[in-house]
Structures are given as structure tokens and as C-alpha cells.
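Q: Chain by chain, the residues:
Protein chains: 4
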Amino acid sequence: MALSVEKTPTGREYKVKDMSQADFGRLELDLAEVEMPGLMACRAEFGPSQPFKGARISGSLHMTIQTAVLIETLTALGAEVRWCSCNIFSTQDHAAAAIARDSAAVFAWKGETLQEYWWCTERCLDWGPGGGPDLIVDDGGDATLLIHEGVKAEEEFEKTGKVPDPASTDNAEFQLVLALIRDGLKADPKRFHRMKERLVGVSEETTTGVKRLYQMEATGTLLFPAINVNDSVTKSKFDNLYGCRHSLPDGLMRATDVMIAGKVAVVCGYGDVGKGCASALKQAGARVIVTEIDPICALQALMEGIPVLTLEDVVAEADIFVTTTGNKDIIMVDHMLKMKNNAIVCNIGHFDNEIDMHGLETFPGVKRITIKPQTDRWVFPGTNSGIIVLAEGRLMNLGCATGHPSFVMSCSFTNQVIAQLELWNERATGKYEKKVYVLPKHLDEKVAALHLGKLGANLTKLKPAQAEYIGVPVEGPYKPAHYRY
Amino acid sequence: MALSVEKTPTGREYKVKDMSQADFGRLELDLAEVEMPGLMACRAEFGPSQPFKGARISGSLHMTIQTAVLIETLTALGAEVRWCSCNIFSTQDHAAAAIARDSAAVFAWKGETLQEYWWCTERCLDWGPGGGPDLIVDDGGDATLLIHEGVKAEEEFEKTGKVPDPASTDNAEFQLVLALIRDGLKADPKRFHRMKERLVGVSEETTTGVKRLYQMEATGTLLFPAINVNDSVTKSKFDNLYGCRHSLPDGLMRATDVMIAGKVAVVCGYGDVGKGCASALKQAGARVIVTEIDPICALQALMEGIPVLTLEDVVAEADIFVTTTGNKDIIMVDHMLKMKNNAIVCNIGHFDNEIDMHGLETFPGVKRITIKPQTDRWVFPGTNSGIIVLAEGRLMNLGCATGHPSFVMSCSFTNQVIAQLELWNERATGKYEKKVYVLPKHLDEKVAALHLGKLGANLTKLKPAQAEYIGVPVEGPYKPAHYRY
Amino acid sequence: MALSVEKTPTGREYKVKDMSQADFGRLELDLAEVEMPGLMACRAEFGPSQPFKGARISGSLHMTIQTAVLIETLTALGAEVRWCSCNIFSTQDHAAAAIARDSAAVFAWKGETLQEYWWCTERCLDWGPGGGPDLIVDDGGDATLLIHEGVKAEEEFEKTGKVPDPASTDNAEFQLVLALIRDGLKADPKRFHRMKERLVGVSEETTTGVKRLYQMEATGTLLFPAINVNDSVTKSKFDNLYGCRHSLPDGLMRATDVMIAGKVAVVCGYGDVGKGCASALKQAGARVIVTEIDPICALQALMEGIPVLTLEDVVAEADIFVTTTGNKDIIMVDHMLKMKNNAIVCNIGHFDNEIDMHGLETFPGVKRITIKPQTDRWVFPGTNSGIIVLAEGRLMNLGCATGHPSFVMSCSFTNQVIAQLELWNERATGKYEKKVYVLPKHLDEKVAALHLGKLGANLTKLKPAQAEYIGVPVEGPYKPAHYRY
Amino acid sequence: MALSVEKTPTGREYKVKDMSQADFGRLELDLAEVEMPGLMACRAEFGPSQPFKGARISGSLHMTIQTAVLIETLTALGAEVRWCSCNIFSTQDHAAAAIARDSAAVFAWKGETLQEYWWCTERCLDWGPGGGPDLIVDDGGDATLLIHEGVKAEEEFEKTGKVPDPASTDNAEFQLVLALIRDGLKADPKRFHRMKERLVGVSEETTTGVKRLYQMEATGTLLFPAINVNDSVTKSKFDNLYGCRHSLPDGLMRATDVMIAGKVAVVCGYGDVGKGCASALKQAGARVIVTEIDPICALQALMEGIPVLTLEDVVAEADIFVTTTGNKDIIMVDHMLKMKNNAIVCNIGHFDNEIDMHGLETFPGVKRITIKPQTDRWVFPGTNSGIIVLAEGRLMNLGCATGHPSFVMSCSFTNQVIAQLELWNERATGKYEKKVYVLPKHLDEKVAALHLGKLGANLTKLKPAQAEYIGVPVEGPYKPAHYRY
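Protein chains in written order, with the working numbering: chain D, 14 to 498; chain X, 14 to 498; chain L, 14 to 498; chain R, 14 to 498.
Check before you lean on any hint, since a few could be wrong.
Since the list gives no way to pick one copy over another, a pair counts as held whenever it fits inside one copy or between any two copies.
Stated by the list, open to error - Computed cross-link-like contacts, DSS-like style, restricted to lysine-lysine with a CA-CA straight-line distance of at most 25 Å:
1. Lys-380 - Lys-341
2. Lys-172 - Lys-20
3. Lys-385 - Lys-123
4. Lys-66 - Lys-444
5. Lys-66 - Lys-123
6. Lys-66 - Lys-447
7. Lys-295 - Lys-467
Note that these hints are calculated values from the structure, not bench results. None of the values given here were measured: they were computed from a predicted structure.
Go ahead and model the full structure; you've got the sequences and the hints to work with.
A: Quick look at the structure:
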């Protein structure tokens, strides 16, 4: 692969699509800062003391305008930062350019190949001979995965001299990961070990990434402490829910201009993401149907007036299909064959394997007509009937629109900043073991509090007698850990 | 107090308002059974094996039609049952009559005095010389409180010969509790000890009651195991939320016939109950304002388009005030003085101390005009301006309407049945210590599953490969314990 | 029929259920006045000049608390008033008592037989030897019908000596009307003619009544001028829509306590009433389905996310059925036979013939179980399966609850007052012929304006240059006649 | 102005931005056809008989994908067509290219200057020496205006020899119109007269354009028959309402990516467009405030829970301002000076004079920062505070997004096709005078009916006895003319 790193006049590395978009990126960054009060409050509170002085942070997270404000919050607190995107379509090129020019090493562009994607991830983690990052900001866990797989391969290589064999897996993307590790192994059989040694910890953003971390914790294979940012209330109940409520219709409109009112829309999964999607579609005038495996979430849908059926029940009648499950094999090519002409199929869950893209792409005689980037009509052979697939089955809100809006990302990213600070400040105290932690509730409440002023809210103060009556401190936290909001 | 217990022809004790309403109660019970699939499924699954054979169950829980179906589910499973209401206004007299005639010992009527209320509670716990109940079904914790206070008094009496002094407290209701214990102490200084000895455990229904239990657990004073039914997802995220969404407007309409559309409504507290209330009012066309102490709940309100202000900000402009906090001293008489003429003030949280009824009742020169039972207009002296207080500050959905509808109570009460079964089945195994427990998630999911058929839902089955991919059993449970729904 | 008129100490006639409820009625009247700013503004504006001095007004309109405020507005403006209800179940007995005692001659009680109903209507129109009323306030057109049928019969009798023959019609209710006219004819063969001579005009409230009037206008048989109050925007787009949005769930809850969330509800008809009902049910968490004959209304439902199907499509799956059509034969007994057990069937359209009550009542072997007044379970033979019919197929919001709330009725009734004033003031000018008129738009806008202050609204004033730009007067009216709102 | 007409290989004239986008346009046209069942039904029903054979149609209407399907429906029915856009920002260049290449003469591109705009309008009307079009499809009335002003100028010139003087008006755009007429007058002093002679009629699409037509009818200056398509129910209650409900958030998101949830949004005007906008914003989680001059519309807003205030009341607190009035001078530069930093100001009403763009542009020291096309930040001098204006004050849904979606435009445009057919078919019968007409209700109902199948609806058939009962034909129309839906 003929990719080469470029350098700014000051010598910082980068690889972006078009550096001339940096000014445009900066204008949108300026607007976004006004919408991200949590991050700006972090700059005001912590900036003067430079707590990240000396810290190297690598981030693998959609390289959008909002992420750019996060990055510049980290650098404002003293960190050095390298960044890549965690999705081949999610980079906003003007954001990447502005950050590359002004603030951090960026390796990201909209429309990477998978091979380019992993090259970017490797660049992001590579801080040169001195090893890797001190801290990782992760989204979906790909940076964490690469290090864990790298360490595993180096151990095997040390013991047996064997290198990873891409042919050992069917998964095309994982083949690339193994090849990348294999190729690096020869040049430096200890670089992932050095990374592991240096690493203080990771903070992870998504349901999917967190699930991987808990699995590694359970099997004792987690190599460093992790903070589960996803399960901060101010993340999962805001970003996942209200973010998707905003960005799902945004993506649908930009990609297809289709009238949502009057249509039948199927939302696969009724977790936080599904709830946001179903709410948005319903309010836009669609008739929404939910599919669920979990009877509790199913009953929630029913209480909101949404029928719960199987995909098979409705596949031939629906106009729009959205996967939100975080699971795989939700909409298969056999389902697609039964859909109405021009049914829209998209994913806002996590990975593109929610939709059987492989089955579709390899269906004999299928014809792909690209309407515009990220909007493809697939026509089945012997018919004039086709379906419209968004963002090649990847996150449609990032592929077809610009992801979640700044305000809700400010909640998520303020959690990230606080988690990174916590890991860094406690790096020598032993407070965090090789386990997965959530942020304490008072920090979660603090994140929320930082976002109230912008919306003109006026909180009620608890009186001491009231605090005593319900058994909480006057200043919070106000709820038990198990409280569900 | 000249109350006397009556007896059915078969010798079962009771005290209800009007036994002639039993037929009417039975007709409504028949309707309710169709709406309570969870309870009916328990009867079908467990009835034949009579698991409660030999168990005495005392319940302190609103004596409504829905509770009647719960009671007859317990008796269908073999239990003997005694019952009282946990609120002076919440009994439905026809439900009480039907149960008293047909199924269990009931001591409850709509419009008890506080003194009568505690007499009923005492009757409910008194199984005669052989001690008390084996199990308690509690709502708000009054039955549990009485036993704990009783035991404490008996211990003090044994040690020091002192009896409780009602004058030691300002709380008028607690004075009655102390007097009741004091009076019983002379006759039988060990009856609460005998109750404690026999008791296998309690299952508790409400946020408020659960809070008391955790406080007792924390201070080591809890006398028997407790199952926190409130925090089953199928309870707190259904009954509290969807139940109140239904019963708040129901209570408002029956009590005042007021047009909700166009009005300004203040909801104090945005927990599950507050969320349900705010949703109902908003959908009926009110402009809703929320007051909150918790920044996270406040931010949730804002994301739904609901402003968050303090009561002081809006007290003079609003038309309807609803307390949902579970805390005390929310709306004080000073607030009431600033309200518009005919502002409606009501409570759907838990205790009547959310509203400063004492301050209102003792305000010099205030005049109370009873429009109809549970609907009073209070006119301040020197004005023609008054406010309308519902249910004397107690739960307005039970005082002014009929409480939550059967279907959602079926979720809550199926949890109760399962909790009671769990306590009883494990009574000899030592599984449950003197602590507070929640039901395991698979039982929570089972409760939900039992309610899907009635609503025509069709669940998707997880495929084994999918289950493995997300790391859950094919049959569930599907979510980690911390999942918030 | 052994009904006899009673008299107040001052000699005013009445027939109500229970005069002792007058105080309770007065308390609720006091509350309602605060919620009816339009009527109170009429009292303030017109009261001093006593414009109705000398006018006799007969009203046939649900004798509720709200109507009581209307009646006392008419009397405050100088009128003498006689009143009956226009529905056998819609009277609120405390309202009737308060008016009978304090303000006007009332003949109405909840639960009249049809025979009693027409007796009341006759009493209402009978002002003694001097003939009938000067003005009629009508709702559904029964008062107008009686006079038209009476005049027709008197003409026939004069010409041919024939009297009406009740056996000439199958319609049981119309048989009663003919019998009543026949019986009166013998005693006084000219009384309806005298009524007609005196009558200045009628103002009519409902879609159904208005339809009758236009039909009479078209055939040249209308005997006096009529003002169509129904089609004031501030009536049909408020009372019909927002009134029903409020009172449909109110009636359902009071009658059945059923949980609306999760249920499948069929709304037959998507006019203003149907729109209000569908909105209420949807917002309460039901899955709503609409049936329609009109493709435009159907497309409106679809744009709101509501499927449009036929009753046959969904009769076996739905839980709640509501008729709102103003047409007949909507839900037939054959439909009822296919419904689920305990399906709820009710009518909020206009007449009870929307539901095939005759077919149900005469179905061989059907069993009627009255749960409580206005709530009947009908069980079909050979099954344990039944349906629940509300208010015997008549208006369920008035039969099972208290009708529309005061605020929205203030809009409707202010139109009535203005229409009555218009007819009376122009009684000698010939402005109104024997035709049907709607109120001019500036009066419609005035009615709205009178209701804004209570809700804290602040209207924008049009600047002269803006008014000129859009070609309207600065003070309105602001819209062309065909504007649809 | 150095604009020159280009020609296709077949000699058809055009001027578009980029002919290479024609393939992309065709792909989107193919998708749109599936979403426009009314237009496709017209092709199927009327195509074979070629009713427009020989008719020249000129259209001035946003040159979008949806309009392209309209144009190709007109050509499929036999018409020859010339087209321009009615808004400088509303053209979709790929749609223009596809039509220019394949179907009709197009003069339109996104981002015309005003001078270019009127050049395009002139080109659209100019069919060569033989005069102008037979029929006009108008949106906003600019084509109609040009002809009326042209005829007026020619008459004046004939009488007095005077030519129009652009300096006679302050309105910059009207100066261009006068200059254009003046310049043409010298070359050919009768061309607008020839156009007038040939013209059979116009069908007009918008509230604004219709207002102009009624004013001309009232003053007797209307030169040819006009059909008011705007007031077809299937236009004004669908396109205006549901179209804006869709395209307002679409425009906001594409232009600013701002989170709508939690924001305060002011909607100026609560007509059909305002209702759609308010509904969309509310459902997205904004707190919506409406300003209104009309008390009836104001009361409607209040019934939906939306406060009605003046702009002055809220100008300093709101985040988003939307004008929907069709009037001028709604948001003045003095208002803008009081707004919060980065408040968003946009117009979806009709002309850009709803917002005081002139006042803003000429404010001393104001600085304009173009974030991206159609999204400008205006910073006031001496502050860092600015506001964000979309689409330079013009229609933001067309300037910043792609306008209304196909399905709802199919309703509007099917009315256009039917109106054009009606004018053309009756061109010799004298049925239409120089007046403004609306389509008869049965055609309105037909338009709706053509759109039901796509959404899976199943209409109920009226039975003859029912039709008779309510006095309508079995096949409709079902409602009186004054019915408001």
C-alpha cells in the first residue's frame, strides 16, 4: 500500500484528504465550541493546571467536528494527541484538516478502504521508537483490539516463532489485522509489548466496545485498565438515544430525500439506539414496527404504541429498515429479496455485519447502481426491483450525514475527558487494575450539570432536611447506582 | 376507637364499608383478570402444586380491584391472606367487599381516618395467638415499619420498662403508631417479637419503601430478608412510568373536569413517576415545566423539550402542580399563597408530606370548601382566591380515580408473586439473609414475556451464533445487570 | 306517563332528579366560570345593556355544568330561559338542580327513558298559552325537529283531519315523537303554528344538526332562520377536536379503567372528532387504526402515521372501537360477533345508531350484564366471550364522563351567545331569512381572542404596512372565508 | 449580462450549471417516480390520449427532482415545456441537467443572481416570434407578474411613449423587472400583448401567489383565468403542512448540524406552514414558541401546548427563529441585535423580505462570514457575537436542503396537472373567465385517492343507505365546500 505520512511545517505527522479545507473546518469548529459547554468547561477548569502535561493520547474515534473539539480540549489540557477514525466513512475531511494543521497528528479521511483504515489505526498508535501512547480514547475498540492481538502474536512468536496467518480466518477485515501484525512482527517483535508496558489505560465509548472489554476482563486477558464511558448515564441515555433520534432522520433525508410520513419503518432492536430511532420515525409520521429478542424492551415498545413483530412478519410490507442491535446477521439477503422495490436498508447499530452485505454483494447477478456516494441501489437479477442500501451497511448517520450533533456529543466527550483525567491522575496509585470501571455517579451528574446552563435550566437545591429525609448528600449524588433514569 | 371486626358466615374476619358491593366488585374482578395475564399465568403455572400451602401472607397495599386479583392469585397458590390498604383513600370498596366475602380477611375502606388506618394495619398483621404472618407484601413499608417499631419498643420495655411516648414526636401520624404500640405492649409485651420470629420476609413495592429498607440494611436494623420488587425493571419502568401516565390525567379529570390543553403544568421531580406525568400532561396539550434537583434527570427533561425551572420561578403562572418526588416539603403554604386562583395542587409521589398540608390546614383564616370528596378548594383569608387540593395531598390517582390500570399492575404484581414464592421456597435454605435483594434478571424478563401475548407481540428468537456473538444465552437473560432500559 | 312538573318557591317550573344537589352544582359552577372566559366576557360586555330583555330562549343541549354557565350568561343578559337535555344520559344532575333552583326552568335528568326525553323537550318548548320561545339553542336539532314535525302534522290535520300514526315508522324513537304530536293535536291543533310564528330563529351546535338544517334549507322547508354555530372555526376545530381529545379517554377510564397503552384501537371516521380521538389514543400509547370513506381524511391519517383499514380488516384484532362518523350502521352486530373477548365498543359521534344497538339487543340468546350504569358487558350465547358497550351506544363522553371540559365549551358557547344576540338584535330588520347562516369571521376571531388571556398568550399586532402588504385590515379578519386552519 | 442560451443536439434551448450531472439526475428521477404515484397515475390515465398535444407550457417553479417528474408528466401528456426556477437557490442542478438533456427547455441553476433569475424567467416565457406559452405553471406568481407588468408597460408606452423607470421604486428586485421590460420594449413593443392573447390560463401553487391573483381579480386587472391550486386540500393541508414538517429540520440539519433537542425555537406564524414547522421542532425536542396575529391560530397553538408570545418577549432567549408568515418585516435587524450568539435565523414562508436582510446587510460594520454556501454568520461590530442566517433569508428548505420530498409534492403536482388539463380542455368553452378558481372537490378527493395505494391504505365504501342518510353521493364528494379538514 503506497500510503505515506505527510508533515506540517512544524513537523507533525498527518494524512488527510485535503488540507485546504482546514479553514472551513475551523469555522465549523468555532460554531461547535458554542454547542459543547461541557468540553469548554473542562478547558476553563483544567486548562490552567495542564494536567495532561507529558501525556500521549491516541484516539480511534470518528474524526468529526465534534471530535475535533474533544481533541483540542485534550491538547488544551496539555496532552500530545494522535488520531484516527473508527469507521471508514465517518471522517469529516474539513475537521481532519483543521486538526492536522492546528492541533494533532491525524490519519483519517472519508471513504478509506479497509486496508487504509488499519494503516491509519497503526499510525495513530505509533509514537515512534519510544513506544506507544499513555492513554487511548477508543470507540468500538479497534485500537484496543490491535494492541491485544499484537501482544498475543508477539507472545506466540516469541514462544514458537510462528507469525499470524491471515488465511486462518474467514473474516476479511480480521485478515487485514493479522497481515498488518505479521508484517510488523518481522521488523520489531516487541513493539506491541512496549505499547502495553507504557499504557495507563483506555476509555471506551460504545456498547460494542464495552462488551469486548468485559469479555476480556472475564477471561483475564485485559492488558490494562479500562473505563467504560458508554455506561455513564450522560453517555448511553443521551448520545445513543437523543443523538440517534437526531441523526437517523438526518441520514435518511440526506441520502434519499424520502418522505418519512406515511411509510412503514422497521427498527430492529429497541435498546437506547433503537428507542431514539423509533421515536424519530414515529414523530415524523411513519408507522413504526420494532423487532426484539428481549421481552422487557419489547414491552416498552408496546407501551409506546409500537407493535413488536418479527422481521419475517413485515419484510414484504415495510419501506424502511434500520438495524440498531449491535448484533450480527439481522437483515439477511433472503430478507432483502422479499422487500418492496426501493425499500431502504440501513444500519445505525455498530458494525456493518448487522446487514448481510456479504450475502448481497455476492448474490449471483445482483447489480449495484450508485446513486451518489453512500447511497446504492441494488437490483436483483431478472427484476426491475431493487433495494437502497445506505453507507454500504455501515453507520448511516456518519456515512450519509454528519453523525450526532455537537451538544449531545459534548456530554459523551466530557465523560471521555474526565475518564482520561482519572486514568492519568491515578496512574501511579494503583487505583485502577486491569479491569473495566464506570465513572462514579457524582462525575456523571457533573457532566450533566455542565450542560444545563446552555439550555437555560434552573436546578432546585435540596434543603438539608430533605437530603436527610431521602438519605443523600445535599450536593449529590442523588441516586443509587442501580437507578435506571 | 369503636371499631369492631366482623365475620363472614365461614368465620373469616373483615371490616369493609359495604358488603353489598361484593357482586359489583366480582364483576370488575372478572374484567380485570382478562387484563392481568401475568397473574393468570402464575395461577396456571403454580396453582396445581399449591406452593403457598401453609403460608400466611399479610399485605398492606392499596385495596383495589387489581390488588384483589393479586390476593386471589396468592390464595389460588395455597396461601391464607389478610389485607389492609396502605393509604386512607385508596381502597375501592367494592373490591374490598368481594375479597372479604370470597377470599381473604380484609380491613380497608375508602376514607379511613389515620387512627382507623393503623387499626387496620394492626388487624392485618394479627393472626391470633400463634403470632403473625409468614410473609408480608408491603407498599410504602408501613407494615414493616410497625413491626420494626414494635420490636424496638418491646426491647426497650424489656430493658427499661419504658413505653413509647407519643408526645416524643411532632409527627401526628407517628404519634398514632407509638400510641398503638404502647397500648398493645401492656397486653402482650412479646407479640412483635413473635411476629419477627415467624417472618420469612417481605417484598416491597415502592421507591419510598425500598429506601427505608436499604437504610435499615445499612444500619444493621433490618429484622428479616426483603425483596425489592420496585427495582425490577418490569415494575419501576412500567408501573411508575406508564401507570402514572395513565392515572394522573384520570385523577385530574375525575376530580376537577379541568381542560388540560392550554394549561401550564408544573411537575416536581422527573424520575419514573415524573416522566410519566410530564408525558401525559404534554400529550394532553399542557405546557409542562419540570423542577429537579438531579442534573441528569433535568437534562433528560430538556432533551424532551421540557424546561427545567424552580418552583419559585413559575409558582405564579402555573395552573396545575403535581409532586412526584418521594421527598418532603416540596410545595409549601408560602408557595400556595402565590398561586393563581383555582390552581390545582396534587401529589402522586408517595406521602402527603410532599405538599405542606399541615401549613395549609393551620394557616390563619384559611377556609376549606369541599367541592366533592377528595376535591377541596382552600380560600385564603381576605381574598376570593383559592387553590384546589386533591385527595388531601395524598396519592391523587388512588384518591380521586382508581389507581393504575390492571394491565400495568399485572407486571408489578407478578413480580410480587414471584418474590413471595422465592422467599417462601427458600425459607429454610438460608439463601436470603437480613438484607435487601432484587429479583434476578431472568425472572424480570419472564414477567415481561408473560405480558406480550395479550398485546399480540411476536418476539424474535436469537440464533445460537448471534447469542455467542454478543455473549448471552439464547434464552436470556439478555442484558447486564447495570443496563438501564 | 306519570311525570309532573314541579315548581320553585318563586313559581318557576322544573323537573330534575334531586334538588338537594343544587349546592354541589353551584360549587362546580363557580369553578367552571373561571374556566369560561368567553362567557364571562359576554356578561361583562353585554350584561349592563340587558339585550335579551323580553326574550324567551328554549335550549335543548346537554344539561351539564358548562351549559349551566351558558344558561346563566343568557339570563345575565336579560333572557328568560327553559331548558332540556339533548341526550338521555348527558345531564349532570347537580348542574340541573342548581339551574332549576336559581336561574331557569329545567327539565332534565341523567338516565331519562326516551319517552321522558321527549316529554322534557316538549316542556322546554312550552311557554304556556302565549306560544313558544323567541329563540332556540339547539344541539342535534331535536327541538327544531319537534316544531317542524308539529307544524307539518297540524297542516295535515287542518287539511285532512288526519293525525300522525306512530305505526307508520319503524324507528322507535320517532314513534314517540309522532305519538306526542298526535296527543297534543287533539288538545290544541295550533300550538306548533303559534310557536313557529313567534320564533325568531335557532342556533345549532352540531355537525349532525347542521346537516338537517341545510337539508331543510335545500328543500325549502325550513320554518325560521338558523345560525350554524358548528362551523365557526372556534367551534368545530376546538370543541369537536380538542374536546374529544380530552373526553374520550376520560370516558374510557371512568367506564372501564382499562389500560389504553399497548392496546389496538379502531377509530371509525377521521373528521374533527375522529382526529381528536385518534390523537388522544395514540398519545396514551395505543396503536390506532382509522377507517374512512373520504380519501382526503384518509391521507391525513396516514401522514400522522396512522394506518387506514376497513373495519373488517381489523375487527378480530382490536381492543377498543370508537365511532365518530355522524353516520349510521358503522359497527354492526356481525362485527361484534367477531371481536375479541371484552373488546370495548363506544360512540362519540352523534346518535346511537352509529352502533347497531338494535341488532345487539335483539340477537338471539345474547346476555346483558350491567357492570355499572353505562357500562354493559354483552355475552353472546354459547360462549364466555363478550363485548363491553358504553353508554348504550350513545355519546360515551357524556354518558360515562362529564363531556367536554369548560374551557373548550366556553368557545362553543360564546358562539352560541353571539349567534343568539345576532338573531335577536336583527329580529326586525329582515337580515336573516329562512336560511342557514354562519357567523362572520370577525366574530369567530373575537371568540378566540376572548380565550387567549386565560392562557397567558400575547398576540402580535399587525403593522399597517404589513396589513396592506397582505391585504387585510389591521384589526382583522385576517383570513379569507375558505381558509381551513 | 453575458448569459447565452445553449442548445441540445436536437436543438432544444437550455441554460444549466453542469450538463454532466444529467445521469445523476436521471437516477434520482427514477427513484422519485416510485414516490409520486399521483403523477404516474396521470401518465397512465391520460398519456395514451395525448391531451396536451399542441400545448406550450411555461413553468416557473423550483427546478427540483420532483418538478422534473412533473415536467415529464406534462410532456408525457403531449405538451411542449419551458421551465425556470422561482427561487435563486432552489434549483437542483442534476435535476435541471436531466430535464434539459431529455425533456424540456430549462433555464435554472442553484445560486442565480437576481439579474440572472429574471433573465431565466424571460427565457422561460419566450417561445419565439409566435408569442408565449398557452399555459403557465406558476409558484409565487413571478411569471404571471412579468406578463402583467409587461402588458401594463406596453400599454403605457403605446399611449404615452414612456418606458418603465427602474428608479421609480426602492425595491431592488423590482428595479430589475422594470429594466428588463424597458429593454425589451424597444425591440418589440407588443410581445407581452401577444403573450396575453395566446394565454389560456395559469395554475398557481402558493399562498403568496394566490393572494396576488385574488387582488388582481378584485381590481379587475387579471388578464387570464387562474386556477388556485394552493387551496386544494390536497395541496395546502399536505405540502404546506407535512412538506415543511419534513423539510424544515432537514434544512436546519444540513445547514448547521445543530442539535434541535433542548433548544428554544420561535416559529413566526401558525398557518399551515407554521403548524408543520412547530410540529417538527417540538417532536425533535425543542421548546417551541409561536408568534401570531390571528387569535384563532393562536388558540390552536395553545391547545397543542405551544405558548404564544411576541417576538420581543423571546428574542433574547431563543436559539432558532423561523418565519412562516408570507408577510414582510417579521424579523428586523433590531431584533437580530438582541439575539443570543449563534442564534439561527431562517425563512420558510415565501419571500426573503420576511427577514430584514436589507437592514442586516447595510448595518454599519456588520461582518459576514460564510461558513458554507447558504450558511452565513453575521457578526455585529464591536462584539464577538453573531447570528447565523440561512439561505440569505430565502426559503431555507430549498436553499439548504432539497425542498419537500417527492411523495407530498406528488399531491401538489397532481393538482397542477389536473388544473392544467382543465384549463386546456376548456380553452374554447368559455367555462373559465378572467377570475380565480379552485378545483372542484371531487378532483381534490381524486388526488388523495391516487396516493393511498402506495401507503397500503384500504378505504371503506359507503353503503347507499349511509350515503342517503348523510346526503352525499356514494362516490363522493363527501364533504361540503366549507369543510376544513
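Q: Work down the list of hints and note, for each, if the structure agrees.
A: Here is what the structure says about each hint:
1. For the identical chains of this complex, Lys-380 and Lys-341 are intra-copy neighbours only, at 24 Å inside a copy versus 51 Å across copies, given an alpha-carbon limit of 25 Å.
2. In this assembly of identical chains, the alpha carbons of Lys-172 and Lys-20 never lie at most 25 Å apart, being 38 Å within a copy and 75 Å across copies at closest.
3. For the homomeric pair Lys-385 and Lys-123, the shortest alpha-carbon distances inside one copy (14 Å) and between copies (19 Å) are both at most 25 Å.
4. In this assembly of identical chains, Lys-66 and Lys-444 lie within 25 Å of each other by CA distance solely inside one copy; the values are 20 Å within and 52 Å between copies.
5. Proximity of Lys-66 and Lys-123 under a CA criterion of 25 Å is satisfied in neither setting, with 31 Å inside one chain copy and 50 Å between copies.
6. In this assembly of identical chains, the alpha carbons of Lys-66 and Lys-447 lie at most 25 Å apart only when taken from the same copy (24 Å versus 50 Å across copies).
7. Taking the closest pair of Cα atoms, Lys-295 and Lys-467 come within 25 Å of each other only across two copies (18 Å); inside a single copy the shortest separation is 28 Å, beyond that limit.
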